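Asks: Please put together the full structure from these sequences, using the hints given.
So the sequence lines, in the order shown, correspond to chains A and B.
Position one of the first sequence corresponds to residue 1 (our numbering), numbered consecutively onward.
Position one of the second sequence corresponds to residue 295 (our numbering), numbered consecutively onward.
It should be emphasised that the hints constitute simulated quantities derived from the structure, not laboratory data.
Predicted model only: the values in this text are computed from it and were never measured.
Take these hints with a grain of salt, some might be off.
To be verified - Covered stretches of chain A, as calculated for chain B (at least 3 residues, CB under 8 Å):
#1 123-133
#2 177-185
#3 237-249
Note that beta-carbon positions come from the ideal geometry of N, C-alpha and C, so glycine has one too.
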Amino acid sequence: MDNAYDGLTDAGEEKHWAFGTGFTAALAGVGRDIPAVDRDSLTAYCLMLGDDALVYSQRLAEWCSRAPELEEDVALANIALDLLGQARLLLSRAAEVEDAGRDEDALAYLRDERQFRNVRLVELDCGPGPGGDFGTTIARLLVFSTWRLAVFQRLVGSADPVLAAVAAKGVKELAYHRDHAAQWVLRLAGGTEYSRERIVAGLDKVWAFTEELFATHPIEAELDGVAVDPAAARAEFDQVIDTVLSAAGLERPRTTQVAALAGQAGRDGIHTEAMGYLLAELQHIARSMPGAVW
Amino acid sequence: MSARQVAEQVLDPELPVLTLADLGVLRDVREDDGRVTVTITPTYSGCPAMDEMRADLVDQLTAAGYADVEVRTVLHPAWTTDWISEDGLRKLADHGIAPPQRIGPRAVGPVPLNLEPPSRRVPCPRCGSARTTELSRFGSTACKALRRCEDCREPFEQIKEL
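Replies: Here is the structure:
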């Protein structure tokens with residue numbers, strides 16, 4: 001083939017993925033046994049990990065064409081794509097375990113805010129719109145990818161074969177994401193006085209949502225052997241963050257944590273104000289034109 | 295041709311210089327009573343070309359006379375660039391894409407943090423110069439990084455080790 005794009009543009013064929021709907025379910029043909037645990041709990045756990053990835057990929061994709069340099073547009077979009085891939089696998093697994101006739105699209109587009117189980121860190125609006133900030137975006141990428149990588153390394157041993165396989169693959173991807181964020185932290189901290197102020201302010205802002213990442217949810221405690229207790233990932237997270245901050249000559253933020261509401265936070269569907277706006281953008285086409293294809 | 299031979303010739307939709315077999319995503323082809331079962335695995339979780347691969351496999355096997363074709367996906371074990379064939383590495387270099395190095399199995403223990411740009415030398419696939427620099431760890435697809443040769447000044451892509 002002389003031109004790699006020729007194969008994508010034949011008219012009259014429906015199978016071409018580049019142009020829209022018609023994706024085969026993410027788990028098509030994947031062999032998968034479901035472990036003998038409570039189905040509702042396992043569904044909820046798959047949603048927790050899947051929603052983290054889905055909502056954060058939406059936030060990262062917002063930067064495409066708006067980042068400080070072209071290479072960064074591409075990098076953030078690539079990271080978003082990896083996470084969207086993880087989200088599709090995890091939401092498909094949730095749908096399969098739930099066995100209630102919903103698929104990954106129904107879970108992504110037709111649930112309301114209270115039914116999303118992502119941690120609040122991923123929904124925060126760090127730009128590129130009004131009030132947005134690249135320093136905060138990099139700070140969040142460092143915190144999120146360090147945390148998720150530490151959790152996924154432990155999830156590789158899950159008794160759920162699909163979760164274990166998604167984690168094994170995700171670990172390799174997240175290692176690239178974490179390195180990318182860490183190298184940006186060094187670059188911003190070691191750049192100008194202004195760039196340093198921005199990364200310090202960004203770390204302060206996102207740090208307020210870190211305790212939530214390590215709070216053991218009752219569902220995680222119940223699914224012993226299948227789910228990872230995030231508290232077990234804390235020491236590795238602290239060690240990596242301290243290594244990055246020390247290389248950057250920065251101190252660990254001491255921001256006051258944003259409290260849970262009556263003991264409930266993102267994992268229970270209790271979100272911040274930013275979440276509704278994010279879902280409106282993510283879901284509005286699918287909801288205004290149910291079943292639309294293009 | 296056997297079903298395996300047909301499947302091994304199907305090209306990767308995003309790197310059409312490689313076959314699915316060269317890339318290492320074609321994991322198994324079985325013929326059983328006229329039914330062909332092909333097993334593939336994604337490179338990255340978000341690889342958008344999986345549907346295209348499935349469709350191409352079904353189309354080309356059907357055209358070769360195999361009417362009953364099923365394409366299955368496996369997620370485990372996770373794909374690694376070590377599965378790209380020697381032939382595949384050579385074809386990449388011939389087409390101006392720097393091939394990945396062999397990485398071997400990952401060491402046990404926490405994934406190490408990497409704060410430095412990659413130290414290994416990636417020779418320019420056009421002029422062979424060792425003086426190349428990384429422009430971006432993330433390129434036009436998830437599996438590639440973008441580099442530039444300091445001698446011939448041409449940018450080029452590199453398949454990242456995974």
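Asks: Each hint should be assessed against the structure and marked as holding or not.
Replies: Structure-based check of all given hints:
1. 123-133: Check failed, 0 qualifying residues.
2. 177-185: holds (count 5)
3. 237-249: holds (count 4)
Checked against the numbered hints above, the structure violates only hint 1.
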